[in-house]
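Enquirer: Read off the chains here:
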Amino acid sequence: MKKWLQEFIAHWVSWSVLIAGLLMSYIGFQVASELEVRAVQIEQNRITDLASNALTKELEISQGVLSSISGLFLASSFVSRDGFALFTKQALTSHTAIQALEWVPHIRDSDRETYRNRAIQDGIQDYVIKERNPLGKMTPATERSEYFPVYYVEPVISNEAALGFDLASNEKRQVSLEKARQTRQPQATASITLLQEKEQQKGFLIFHPIFKLAEGETDPQQTNFQGFALGVFRIGDLFEAAIKPIKKRLAPLQFEITDVTNQNQPDLLLRQSTEVPTEPLASQTWRTSRLIHFANRSWKLSSITTPKFIAQHKEKNHWFVLATGITLTLLLTAYIHTLTRRTSIISQLVEQRTQALQSSEQLNRSIVENAVDAVITIDEKGNISLFSPAAIKMFGYSGEEVIGQNVMMLMPEPYRSEHDGYLLHHKQTGENQIIGSGREVVGQHKDGHTFPIHLAVGEAHIDNKILYVGTISDLTEIKKNEQALLDVKNRLDLAARSGNIGVWDYDVITGELVWDERMLALYGVEREQFPGTFEAWLQALHPDDSVRAETELNEAINGGAPFDTEFRILWPNGQERHLHATATVLFDNKKRALRMIGTKIDITQHKLSEKAQCEARETAEKANQQKSAFLNIMSHELRSPLTVILGYLPVLKNRKQAPSPELVTQIADDMDSSGQHLLAMINDLLDISKIEAGQMELKLKEIRIQPLIFEVVQRFEHQAQQKYLHIHSNVEDFKFKGDELRLRQILINLIGNALKFTHTGSITVSACKKDDCITFQISDTGIGIPEAELPFIFDTFRQIDDSSTRKVGGSGLGLAICKKLVELHGGSIQVTSTHGVGTTFTFTVS
Amino acid sequence: MAKILLAEDDSFIARMITLRLTMRDHQVEHVENGLEAFKEAQTGSYDLILMDMHMPVMDGHEATKKLREKGYQGLIVAVTASVMSADSEKAIMSGCNDTLTKPIEVDFEDRVEALITEA
Numbered sequence: 000m001k002k003w004l005q006e007f008i009a010h011w012v013s014w015s016v017l018i019a020g021l022l023m024s025y026i027g028f029q030v031a032s033e034l035e036v037r038a039v040q041i042e043q044n045r046i047t048d049l050a051s052n053a054l055t056k057e058l059e060i061s062q063g064v065l066s067s068i069s070g071l072f073l074a075s076s077f078v079s080r081d082g083f084a085l086f087t088k089q090a091l092t093s094h095t096a097i098q099a100l101e102w103v104p105h106i107r108d109s110d111r112e113t114y115r116n117r118a119i120q121d122g123i124q125d126y127v128i129k130e131r132n133p134l135g136k137m138t139p140a141t142e143r144s145e146y147f148p149v150y151y152v153e154p155v156i157s158n159e160a161a162l163g164f165d166l167a168s169n170e171k172r173q174v175s176l177e178k179a180r181q182t183r184q185p186q187a188t189a190s191i192t193l194l195q196e197k198e199q200q201k202g203f204l205i206f207h208p209i210f211k212l213a214e215g216e217t218d219p220q221q222t223n224f225q226g227f228a229l230g231v232f233r234i235g236d237l238f239e240a241a242i243k244p245i246k247k248r249l250a251p252l253q254f255e256i257t258d259v260t261n262q263n264q265p266d267l268l269l270r271q272s273t274e275v276p277t278e279p280l281a282s283q284t285w286r287t288s289r290l291i292h293f294a295n296r297s298w299k300l301s302s303i304t305t306p307k308f309i310a311q312h313k314e315k316n317h318w319f320v321l322a323t324g325i326t327l328t329l330l331l332t333a334y335i336h337t338l339t340r341r342t343s344i345i346s347q348l349v350e351q352r353t354q355a356l357q358s359s360e361q362l363n364r365s366i367v368e369n370a371v372d373a374v375i376t377i378d379e380k381g382n383i384s385l386f387s388p389a390a391i392k393m394f395g396y397s398g399e400e401v402i403g404q405n406v407m408m409l410m411p412e413p414y415r416s417e418h419d420g421y422l423l424h425h426k427q428t429g430e431n432q433i434i435g436s437g438r439e440v441v442g443q444h445k446d447g448h449t450f451p452i453h454l455a456v457g458e459a460h461i462d463n464k465i466l467y468v469g470t471i472s473d474l475t476e477i478k479k480n481e482q483a484l485l486d487v488k489n490r491l492d493l494a495a496r497s498g499n500i501g502v503w504d505y506d507v508i509t510g511e512l513v514w515d516e517r518m519l520a521l522y523g524v525e526r527e528q529f530p531g532t533f534e535a536w537l538q539a540l541h542p543d544d545s546v547r548a549e550t551e552l553n554e555a556i557n558g559g560a561p562f563d564t565e566f567r568i569l570w571p572n573g574q575e576r577h578l579h580a581t582a583t584v585l586f587d588n589k590k591r592a593l594r595m596i597g598t599k600i601d602i603t604q605h606k607l608s609e610k611a612q613c614e615a616r617e618t619a620e621k622a623n624q625q626k627s628a629f630l631n632i633m634s635h636e637l638r639s640p641l642t643v644i645l646g647y648l649p650v651l652k653n654r655k656q657a658p659s660p661e662l663v664t665q666i667a668d669d670m671d672s673s674g675q676h677l678l679a680m681i682n683d684l685l686d687i688s689k690i691e692a693g694q695m696e697l698k699l700k701e702i703r704i705q706p707l708i709f710e711v712v713q714r715f716e717h718q719a720q721q722k723y724l725h726i727h728s729n730v731e732d733f734k735f736k737g738d739e740l741r742l743r744q745i746l747i748n749l750i751g752n753a754l755k756f757t758h759t760g761s762i763t764v765s766a767c768k769k770d771d772c773i774t775f776q777i778s779d780t781g782i783g784i785p786e787a788e789l790p791f792i793f794d795t796f797r798q799i800d801d802s803s804t805r806k807v808g809g810s811g812l813g814l815a816i817c818k819k820l821v822e823l824h825g826g827s828i829q830v831t832s833t834h835g836v837g838t839t840f841t842f843t844v845s
Numbered sequence: 000m001a002k003i004l005l006a007e008d009d010s011f012i013a014r015m016i017t018l019r020l021t022m023r024d025h026q027v028e029h030v031e032n033g034l035e036a037f038k039e040a041q042t043g044s045y046d047l048i049l050m051d052m053h054m055p056v057m058d059g060h061e062a063t064k065k066l067r068e069k070g071y072q073g074l075i076v077a078v079t080a081s082v083m084s085a086d087s088e089k090a091i092m093s094g095c096n097d098t099l100t101k102p103i104e105v106d107f108e109d110r111v112e113a114l115i116t117e118a
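Residue numbers (numbering that gives the first Met the number 0), protein chains in the order written: chain L, 0 to 845; chain C, 0 to 118.
For the record, the hints were derived by calculation from the structure and aren't laboratory data.
No residue lacks a Cβ here, since even glycine has one placed at the ideal position from N, Cα and C.
It is possible that part of the hints are untrue.
[Claimed, not checked] If we take Cβ atoms under 10 angstroms as the criterion, some of the chain L residues that face chain C in the derived model are: (1) Asn553; (2) Asn557; (3) Pro640; (4) Leu641; (5) Val643; (6) Leu645; (7) Leu648; (8) Arg654; (9) Pro658; (10) Ile666; (11) Ala667; (12) His676; (13) Phe709; (14) Val712.
[Said to hold, decoys possible] Here's a subset of chain L near chain C, in silico, CB distances under 7 angstroms, partners left out: (15) Asn44; (16) Asp110; (17) Gly646; (18) Pro649.
[What the hints assert, rightly or not] Derived DSBU-like pairs: lysine-lysine, alpha-carbon spacing no greater than 35 angstroms straight-line: (19) L:Lys652 to C:Lys2; (20) L:Lys722 to L:Lys768; (21) C:Lys89 to L:Lys590.
Please construct the entire structure, taking both the sequences and the accompanying hints into account.
Expert: Okay, here's the thing in structure tokens:
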């Protein structure tokens, strides 16, 4: 509130101008309005005068007409009905304001019949003197001393109703009639309703009395009263006729005519709107009146303004005056207000600036005083002019001790001696060493100890003098931390070296790849062999792992997954190594990868031992499976011959039904075969067990190969002849050292197999010596071995078909035993076979 | 006297069983594998089929299954190795009515006859 008051006082000029301006605008508005209203009223008066004159004139003319009728009656001894009609015709034609003109004779009761008869003679058949009864109905007049009936009326048409009506029978008419007779002056009635009225107009009558001198008489007082010339008027029609020539000029005022003869009872005769009768009167209206006197009556003609009239005649300049006044006032006020404000703003600004300057100065001082870094200023000679509290703390000197002294005192040698020269050099050449930048130097404390500092010097020119501003930070702590950091780095380095951890740093943007020494060692490359690119890493990857490793790296760069993986690499010499790599990706604030820093360690040994373990486990599992399969098969194989032997025994033992001798022989043969088969199988099993247990020992001695093969072939001759097969042998004669029994076993097995699986063709056995190697070959033209089975044919318990071996005899262990025996001789055995064409076994011994 | 079909791939065993059953006046037909057994069973009317389970070409399990699928109603008895009880169960699952074990017992013929009578 107080502030508002201040403002108000401060702006009093503006306020005064505003109030005065508004006041003047209002006064101007009022005056303009007044003038305009007066102009309207003048116009209204003028038009009303016109109307009043016109009406007065019309009434005078009408009285003139009555006067002339009176003259007619005075000049004539007798005026006939036709004469009256002829005389009035002209007046009625030229004065439409007159409704009717009548002759109203004064009739004594004695003359009543005479007049009636005369009227009937004139052609008015039903003429009677009439009056209105109390019910308002026309009846023949009651008998009285005198009558004043309407006797002649023109025009007759539309006025027939009036004929015969005794005017003295009606009070209003009778009053005027009497007055006219008394005063001998024309007399108008108050407003009446005409007998012949069909509309709602009010009407009035003017009685013009006619007095006639008797013949020979000269005294004007001695006259005989004859009757009245009567004018009948409808007020509306009268006024219309009166104003007809000037009607256009009256519009659009509204007129009223009031009978004011009796001041106490004004009687409204007519209210007429000249133009728009239904338009309501505006709230702002003006009324003006004129009095008209005629035939002993006083009328008042009033005119009332309508909005339309005002609109036509009243100017709107007063609003313009108001608007202009207000606008000018506002503009002037605004202008003055702006001027005032500007002055106030300027003074405020001056105050603010002064304050800001003060606080800025304060700020500068407090910056210098509170700065953690020491601030020292020197002049161009090197003398100290300012020594901040931090400097006092840092160097141990008080302000008094150093101000005015040369700054050299704060420096140890050699900086102390060099300083003057440096300052001079700078002044002469403008070359900068510290000025404008900063560097690390050494400071000297008051107590003499030195400490590392960072010195930055700025140059200022104040009042043509040079001022050097030095900012000094104590680096003692920082240096200590740096050393600690270095120690940590060295320790980490040592750890990485002893853990054989390689560290790499990949710049994602440039593709540059940095490896430390151990990385190079991990990849088996020299520093100069490594180009330091991402591609170099890709190329070193094992082909089977490169796609995966690169994908994982890209996922890490795209922020999808951490990089922690294992992959194989190939050294330049082809050696395969397993590496475990981890990395951290550094992103910018838009999540774009910038760098990747990671480590790698060699996990080859770990991988190899893992693989070895896995393989050992698989082998053991496989051996186990084979063992149980073997047991399954052998139990079946051993059981079959036993079934035969045991199955025949009840037959042999049966005493009640002894078999025939022939049958016994057959049974014995079967039992023998079965027994032999069982024995062979048990022998094979024993052999394989011995070999697998490492208990088989070869009894080596000189063997002549030719006789050995012949002997074995001899064995199968009989069997071959039965199948119509031929066994060829193609053997050189030579000797070698081996176990004859086992060699024979091999040959029997292979030739026996060939014979079993061959149904047509031949079998060929060959042996040859080349250097110290003897090669044996047994080929047949038999059914062959399916290709899929070839790799497994020497496996211990593998059989092409569980039952096929039984069909052809044998344990199914033969080839496995052969292979092991050959290997015991330091040789190897191979097989080639085409299904349906034949098989060839080749083995060597040395 | 019954008509018996013997499916057995080991000829020695087949000869032995045939002899023993013939000595009891039974008529024995021998086939070497399941496929032959499947064909023969449908052509001749046998009182009993003795079916070895391990045979080449088509084994006893499959032959039995196929016969049962074909609507064969006759008696089929599996001859299995006694040590493999799982084999006996599998034979029953395949559709065999009963099992006999190898090596065959002294009263093998009696048991065969009992099975035929029961059926």
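Enquirer: Are the hints correct? Go through all of them and say.
Expert: Status of each hint after checking the structure:
1. Asn553: With Cβ-Cβ at 55 angstroms, over 10 angstroms, it is violated.
2. Asn557: 57 angstroms, violated
3. Pro640: Because about 7 angstroms separates proline 640 of chain L from the closest Cβ in chain C, which is inside the 10 angstroms limit, the hint holds.
4. Leu641: For leucine 641 of chain L, the interface hint holds, since the closest Cβ of chain C sits about 6 angstroms away, which is under 10 angstroms.
5. Val643: Nearest chain C Cβ about 4 angstroms off; hint holds.
6. Leu645: It holds, given that the least Cβ distance between leucine 645 of chain L and chain C is near 4 angstroms, below 10 angstroms.
7. Leu648: 8 angstroms, holds
8. Arg654: At about 13 angstroms, which exceeds the 10 angstroms cut-off, the nearest Cβ of chain C leaves the hint on arginine 654 of chain L violated.
9. Pro658: 8 angstroms, holds
10. Ile666: 8 angstroms, holds
11. Ala667: 12 angstroms, violated
12. His676: It holds, given that the least Cβ distance between histidine 676 of chain L and chain C is near 9 angstroms, below 10 angstroms.
13. Phe709: Where the cut-off is 10 angstroms and the nearest Cβ of chain C is about 32 angstroms from phenylalanine 709 of chain L, the hint is violated.
14. Val712: It is violated, given that the least Cβ distance between valine 712 of chain L and chain C is near 27 angstroms, above 10 angstroms.
15. Asn44: Result: violated, 138 angstroms to nearest chain C Cβ.
16. Asp110: With a minimum Cβ separation of about 162 angstroms from chain C (threshold 7 angstroms), the hint on aspartate 110 of chain L is violated.
17. Gly646: Holds - the Cβ of glycine 646 of chain L comes within 7 angstroms of chain C, reaching about 4 angstroms at its closest.
18. Pro649: With a minimum Cβ separation of about 5 angstroms from chain C (threshold 7 angstroms), the hint on proline 649 of chain L holds.
19. L:Lys652 to C:Lys2: Roughly 26 angstroms separates the two Cα atoms, so the pair holds.
20. L:Lys722 to L:Lys768: Given that 35 angstroms is the threshold and the Cα spacing comes to 32 angstroms, the pair holds.
21. C:Lys89 to L:Lys590: Roughly 66 angstroms separates the two Cα atoms, so the pair is violated.
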